Structure formats: structure tokens, C-alpha cells
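Novice: The chain contents come next:
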Amino acid sequence: MKILVCVSNVPDTTTKITFTDNNTQFNTNGVQFILNPYDEIALARAIELTDGGKGTVTVINVGDASTEATIRKALAIGATDAIRVNAKPHDAWYVAYQIAQYVKANPFDLILTGRESIDYNGSKVAGMLGELLDIPSVSIIKKLDAGDSEATVEREIEGGKEVLTIPYPFVAGAAEGVAEPKIPNMRGIMSARTKPLTVVEPTEVKTFSEIVSYETPAPRGQVKLVAADDTAKLVELLHAEARVI
Amino acid sequence: MSVLIYAENAGGKFKKSIFEAISYARAIADQNNTSLTAVSIGNVDAAELALLGKYGADKVLNVSGDKLKDFVNQAYASIITEAAKKEGSAVVVLSNTFSGRGLAPRVGVKLEAGVADGVVALPVQEGGSFKVKKTAFSGKAFAIVELISAIKVIALVPNSYKVVETGGTAQVEDFSVESKASDFKAMIKEIVRSSDKVSLPDAEIVVSGGRGLKGPENWGMIEELASLLGAATACSKPVSDAGWRPHSEHVGQTGIAVSPNLYIAVGISGAIQHLAGVSSSKVIVVINKDPEAPFFKVADYGIVGDAFEVLPKLIAAVKEYKASA
Numbered sequence: 001m002k003i004l005v006c007v008s009n010v011p012d013t014t015t016k017i018t019f020t021d022n023n024t025q026f027n028t029n030g031v032q033f034i035l036n037p038y039d040e041i042a043l044a045r046a047i048e049l050t051d052g053g054k055g056t057v058t059v060i061n062v063g064d065a066s067t068e069a070t071i072r073k074a075l076a077i078g079a080t081d082a083i084r085v086n087a088k089p090h091d092a093w094y095v096a097y098q099i100a101q102y103v104k105a106n107p108f109d110l111i112l113t114g115r116e117s118i119d120y121n122g123s124k125v126a127g128m129l130g131e132l133l134d135i136p137s138v139s140i141i142k143k144l145d146a147g148d149s150e151a152t153v154e155r156e157i158e159g160g161k162e163v164l165t166i167p168y169p170f171v172a173g174a175a176e177g178v179a180e181p182k183i184p185n186m187r188g189i190m191s192a193r194t195k196p197l198t199v200v201e202p203t204e205v206k207t208f209s210e211i212v213s214y215e216t217p218a219p220r221g222q223v224k225l226v227a228a229d230d231t232a233k234l235v236e237l238l239h240a241e242a243r244v245i
Numbered sequence: 001m002s003v004l005i006y007a008e009n010a011g012g013k014f015k016k017s018i019f020e021a022i023s024y025a026r027a028i029a030d031q032n033n034t035s036l037t038a039v040s041i042g043n044v045d046a047a048e049l050a051l052l053g054k055y056g057a058d059k060v061l062n063v064s065g066d067k068l069k070d071f072v073n074q075a076y077a078s079i080i081t082e083a084a085k086k087e088g089s090a091v092v093v094l095s096n097t098f099s100g101r102g103l104a105p106r107v108g109v110k111l112e113a114g115v116a117d118g119v120v121a122l123p124v125q126e127g128g129s130f131k132v133k134k135t136a137f138s139g140k141a142f143a144i145v146e147l148i149s150a151i152k153v154i155a156l157v158p159n160s161y162k163v164v165e166t167g168g169t170a171q172v173e174d175f176s177v178e179s180k181a182s183d184f185k186a187m188i189k190e191i192v193r194s195s196d197k198v199s200l201p202d203a204e205i206v207v208s209g210g211r212g213l214k215g216p217e218n219w220g221m222i223e224e225l226a227s228l229l230g231a232a233t234a235c236s237k238p239v240s241d242a243g244w245r246p247h248s249e250h251v252g253q254t255g256i257a258v259s260p261n262l263y264i265a266v267g268i269s270g271a272i273q274h275l276a277g278v279s280s281s282k283v284i285v286v287i288n289k290d291p292e293a294p295f296f297k298v299a300d301y302g303i304v305g306d307a308f309e310v311l312p313k314l315i316a317a318v319k320e321y322k323a324s325a
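Chains as they are written, first to last, in the numbering used here: chain A, 1 to 245; chain B, 1 to 325.
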């Protein structure tokens with residue numbers, strides 16, 4: 001089985017988010033970039049499914065040369081090889097389009113993404129890729145079992161779950177539950193340096209969205225403390241003042 | 001032009017998040033002096049379809065049939081696209097539900113439209129530009145995104161826009177789209193809905209527990225308070241990582257982002273990753289025995305005290321309030 005895992009390079013989860021240039025640029029000063037946590041889950045499952053010579057795992061990233069440390073991390077975790085499309089990831093459409101171009105020339109049985117990237121929180125790449133390749137897509141899966149010609153996936157729905165069978169090839173966005181992220185071992189880290197990382201140039205395409213500026217959430221006022229033995233007071237405040245119950 | 005809203009149903013019924021999305025789409029139609037069409041897919045009865053008019057749809061395109069009874073991502077995306085073409089829609093609105101997030105990108109590609117998901121406010125339209133505000137960095141910030149395509153696809157976050165009843169009526173029309181076999185490759189085997197529990201992503205009140213509760217056996221208190229308030233239950237990452245609660249309850253940067261009216265956090269210290277997932281809650285109550293817990297800095301109300309002492313008292317107080325209300 002040939003699996004493609006789409007990975008993105010995102011600010012570490014502990015990052016305090018700030019902006020520069022009149023709130024139009026994300027301030028990357030001092031920010032540590034990591035492999036998107038959901039992509040780590042997708043990668044871990046892809047490695048499990050191909051373990052013992054049952055296939056290959058290729059990772060693909062749309063990014064400039066600064067993302068190579070993240071790509072090498074994916075190789076250290078266990079991917080077979082890697083592709084970097086040499087361009088800034090303008091938006092989800094741009095990223096999906098570049099990956100689709102690659103996949104049209106190099107077909108895969110299964111394409112995995114993370115459910116969303118933790119920076120722009122879209123979960124659009126999986127669906128767009130599915131549409132561009134005219135194959136099924138499932139966003140936000142919690143479980144993935146691979147059979148010979150089709151896979152069984154569990155998808156989250158509000159207040160429940162849905163179980164589907166899907167023939168290959170298809171695209172799915174992995175969430176918690178699909179696999180436990182893997183930590184690279186020393187052998188993985190050593191071999192990652194020599195695994196193939198191919199850089200391909202992007203295809204020009206029109207984009208449809210532009211980030212104009214950023215805002216940070218409005219700060220909340222000072223917390224109102226209520227005595228531990230006066231819970232009735234809290235209930236009254238929530239009812240009469242906050243009007244939420 | 002017109003505005004199109006995809007009125008998603010859950011087991012034949014529309015949820016509050018859909019009425020929010022209709023009210024939101026109505027407001028966009030009003031901004032542009034145009035009409036609002038709703039498209040419903042699946043088996044929804046006439047009484048339920050009539051509700052779409054009550055919240056502002058002028059017209060309803062009703063697509064039914066056994067093949068479409070349950071959600072089929074590709075086929076639904078094709079239908080929404082055809083509905084948008086038929087109506088000449090310039091804006092297509094969906095609710096940012098699990099299904100909506102699967103549909104929006106496919107519809108966007110089909111219509112060559114810019115797609116904004118995680119949207120939390122009405123678009124700002126001036127001098128031909130169309131800008132929307134969406135969540136970014138997992139709730140730590142918002143991005144203002146300009147959509148520069150002729151058609152725009154927007155997915156609205158539940159609990160971010162108020163339901164407005166217009167009291168109107170919509171004309172219901174049957175609509176069908178010739179189906180492509182390749183749209184039905186994914187087959188649903190089973191749907192499990194726990195009807196007795198409030199679903200977390202669209203809950204108005206959430207009661208959430210952290211490591212301060214010491215173990216899964218103590219979740220009875222969280223569940224009792226939640227059920228009294230009609231709330232969904234949630235937890236912090238260490239709790240779901242330890243297997244005390246399912247992953248689907250994990251709220252935070254790598255879990256679910258929620259935006260309820262009231263978020264009650266019990267025994268959660270408030271790590272930056274957890275705060276990211278709850279920052280758009282309207283009111284936050286924190287119960288923690290550590291007065292230095294970072295969560296108090298972003299809370300509206302707080303009680304410094306041990307969960308095991310405070311929760312039973314809070315449950316009693318809520319019961320008393322319910323009895324007197």
C-alpha cells in the first residue's frame with residue numbers, strides 16, 4: 001500500500017501568539033515550529049499500516065526551505081521518503097492544489113492529513129484534495145482500519161459517531177484516537193538524514209483568499225471571586241448578572 | 001445574486017446551530033438586498049421544513065430520497081453546488097459542524113469559490129471587498145480573511161450568531177440532481193447517536209473537569225451538574241490522555257474548540273493549550289483549590305476551593321435554584 005501523508009509546519013502549542021506590522025503579520029520571532037500534532041497522528045497510523053514491508057509512506061509539505069527540519073522529523077519518525085513543494089502555503093486551496101498536482105502524476109492508495117492545522121484551523125485541505133482528485137474524502141476521523149480493497153473509518157458527528165467503508169483511493173483527516181503519535185528513536189534520527197527528500201517547484205494557480213489582518217480576543221475583566229461555601233451566590237450571579245442560566 | 005444556506009438535519013430535525021446559520025445567512029441577504037434560499041437534503045417532514053421560513057429563508061429546495069437519507073459527503077456537495085448554480089448564489093453558508101467542515105471545501109472547489117471556515121461574525125462588505133472574521137491559532141486569535149472570488153463559501157461556528165425569528169414563511173420546492181455513481185463510493189455502515197447527552201460542539205453550557213478530580217470514578221459529580229444545567233461534559237487533555245474520559249470530550253488546542261454561553265472548569269489549572277479551546281466562551285467559571293491557577297486570569301467568576309467540597313454544594317445550590325425558578 002502506498003500512503004501519502006500531508007504535513008504542515010506550525011507554531012508549537014505553547015506559543016504565545018502575537019502580531020507585528022499593525023497586526024498584519026504573525027510574529028515568528030522566537031517561535032518554535034513543529035510538525036502539526038494531528039499530522040503526527042496521521043503519520044503514526046500510516047507507519048502502523050505499512051509496518052513489516054506492507055507498503056511505503058511518503059510525506060509531502062508545501063513550504064519554503066525553513067520547513068525542512070519538520071520534514072526530517074517526519075522521516076525520523078518513520079516515513080519512507082519526502083516531497084517538499086517549494087512555495088509558501090498561501091492558503092488551503094493553494095496547498096491542496098499543489099498536492100493534487102503531485103498526486104495526479106504519482107498516485108497513492110490512501111492520502112492522510114491531520115484533521116486541521118493548529119495555526120489556521122481550517123480542515124479544508126482533505127476535502128479540497130478529494131474534490132480535485134475526484135475521490136472520496138472524510139474530515140475528522142477517529143479510527144481507521146485498512147482492508148485489502150477498502151478501509152473502515154469512524155467519523156465524529158455531533159453527539160455520536162458514524163462508521164463508513166470507503167474503497168481506495170480516498171483522503172481522510174486524522175484526529176485523536178486514530179493512533180498514538182510516535183517518538184523517533186536514535187536509528188530513525190540517524191537514517192532520516194539520508195532518506196530522500198525531493199524538492200519540486202510549484203504550479204502557478206490563482207488563489208481566492210487573503211489574510212488582511214489579525215485580532216486577539218478581547219481581554220476579560222477582573223475575576224469575581226465567590227466564597228467556597230457560598231455557591232448559592234454564584235448561581236445567583238450566573239442567573240441575574242451574567243444571564244447564562 | 002442570492003444567498004444559499006445548507007440546512008443540515010440530524011435524524012430529520014434541524015438543530016439550533018442551523019437556525020443560527022439561517023439567521024446569519026438572512027442578515028447577509030439583507031446586507032445585499034437579496035433573497036435567501038435554503039437547501040435541505042434527506043428525509044425531513046413538511047412541519048420541520050416550515051421552520052426554515054420562520055428563521056428567514058424565502059425559499060426551500062427540498063432534496064429527498066432513500067439514497068440521500070444519511071450524509072454522503074460527495075453527493076451532498078454536488079447537490080449544494082447545483083442548488084447554488086440554480087439560484088445564482090454569490091454566498092453559500094454552512095454550519096461549521098463535522099459534516100459542514102467536510103462539505104465546505106468540496107463545494108468551494110466545485111464553485112471556484114474562496115472558502116472561510118470557523119467564521120464567527122457577519123462579513124464586512126465595503127467597496128466591493130468581502131471580509132470575514134475566523135478563528136485562528138486554535139482560539140488564541142482571529143484572522144480577518146478577504147475572499148476575492150466571485151462566489152464565497154462560509155462555515156459559521158455554532159453559538160457565534162444569535163437566532164432571529166423573522167416569522168416568515170418559505171415556499172418549499174422539490175429539487176433533484178442527477179446523481180453520479182462516483183459520488184456514492186463511501187458507504188455508511190452504522191450511525192450511533194447518544195440521544196441522552198448534549199453534544200459538546202453545540203452545547204450552550206459546558207461542565208469540564210481536570211486532573212483535580214483525581215480519577216474517572218469522581219466524574220459522577222461533573223455529570224450530575226451537567227445534567228441539572230442541560231450541559232455537555234468535557235475534560236482537559238491530561239484527563240483524556242489518561243483514559244479517564246473519551247477523546248471526544250477533550251477541549252483545547254489539540255482537541256475541540258468550544259464557544260458556549262457558560263463554561264464551568266473544575267480542577268483544571270488552565271494551561272495555554274486548554275485556554276485556547278475555551279477563549280470564545282461568553283462566561284467562564286473556574287473552580288480550583290490553587291488561587292494561583294492561571295485559569296483564574298481569564299475567568300469571569302471563580303471559587304477558590306477543593307472540587308470535592310465545592311461541587312456537591314454547587315449541585316445543591318443549582319437544585320435549589322431550579323426548584324424555585
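Hints are not guaranteed to be accurate.
[To be verified] Beyond 10 Å from chain A on every Cβ pair, some chain B residues (computed):
(1) Gly12
(2) Ser64
(3) Lys86
(4) Ser176
(5) Ser182
(6) Ala186
(7) Ser199
(8) Pro238
(9) His250
(10) Ala257
(11) Asn261
(12) Ser280
(13) Val286
(14) Val298
[Unchecked claim] No farther apart than 30 Å at their CA atoms in a straight line, the calculated lysine-lysine pairs in the DSBU-like style are these:
(15) Lys67/B x Lys161/A
(16) Lys214/B x Lys182/A
(17) Lys180/B x Lys2/A
(18) Lys15/B x Lys214/B
[Claimed, not checked] From the derived model, a few chain A residues whose C-beta atoms are all more than 12 Å from chain B:
(19) Lys2
(20) Pro11
(21) Thr13
(22) Asn86
(23) Ser123
(24) Ala175
(25) Gly177
(26) Thr194
(27) Val199
(28) Ala228
(29) Ile245
Hints in this document: simulated from the structure, not taken from any laboratory.
Fair warning: this is a prediction, and the values are worked out from it, not measured in the lab.
Ideal Cβ placement from N, Cα and C applies to all residues, glycine included.
Novice: Does each hint hold? Answer for all of them.
Specialist: Hints versus structure:
1. Gly12: holds, 14 Å
2. Ser64: holds, 20 Å
3. Lys86: holds, 20 Å
4. Ser176: Label holds. Min Cβ-Cβ 21 Å, cutoff 10 Å.
5. Ser182: Nearest chain A Cβ is 7 Å from serine 182/B, so the label is violated.
6. Ala186: Answer for alanine 186/B: violated, closest chain A Cβ roughly 4 Å.
7. Ser199: Since the minimum Cβ distance to chain A is about 3 Å, serine 199/B lies within 10 Å and the statement is violated.
8. Pro238: holds, 13 Å
9. His250: The claim is violated: histidine 250/B sits with its nearest Cβ about 7 Å from chain A, within 10 Å.
10. Ala257: For alanine 257/B, whose nearest Cβ neighbour in chain A is about 8 Å away, the distance does not exceed 10 Å, so it is violated.
11. Asn261: Incorrect as stated: the minimum Cβ-Cβ distance to chain A is 5 Å, not above 10 Å.
12. Ser280: violated, 7 Å
13. Val286: violated, 7 Å
14. Val298: violated, 6 Å
15. Lys67/B x Lys161/A: Satisfied, since the Cα-Cα distance of roughly 19 Å is no more than 30 Å.
16. Lys214/B x Lys182/A: holds, 27 Å
17. Lys180/B x Lys2/A: With Cα atoms ~27 Å apart, lysine 180/B and lysine 2/A stay inside 30 Å; holds.
18. Lys15/B x Lys214/B: At roughly 35 Å apart (the allowed maximum being 30 Å), lysine 214/B and lysine 15/B break the hint.
19. Lys2: Nearest chain B Cβ is 19 Å from lysine 2/A, so the label holds.
20. Pro11: violated, 7 Å
21. Thr13: violated, 5 Å
22. Asn86: Given that every Cβ of chain B is farther than 12 Å from that of asparagine 86/A, nearest at about 23 Å, it holds.
23. Ser123: violated, 5 Å
24. Ala175: violated, 8 Å
25. Gly177: Contrary to the label, glycine 177/A does not stay out of reach of chain B, its closest Cβ about 5 Å off (not over 12 Å).
26. Thr194: holds, 31 Å
27. Val199: holds, 26 Å
28. Ala228: violated, 3 Å
29. Ile245: violated, 6 Å
Going down the numbered hints, you'll see the structure goes against 5, 6, 7, 9, 10, 11, 12, 13, 14, 18, 20, 21, 23, 24, 25, 28 and 29, while the others check out.
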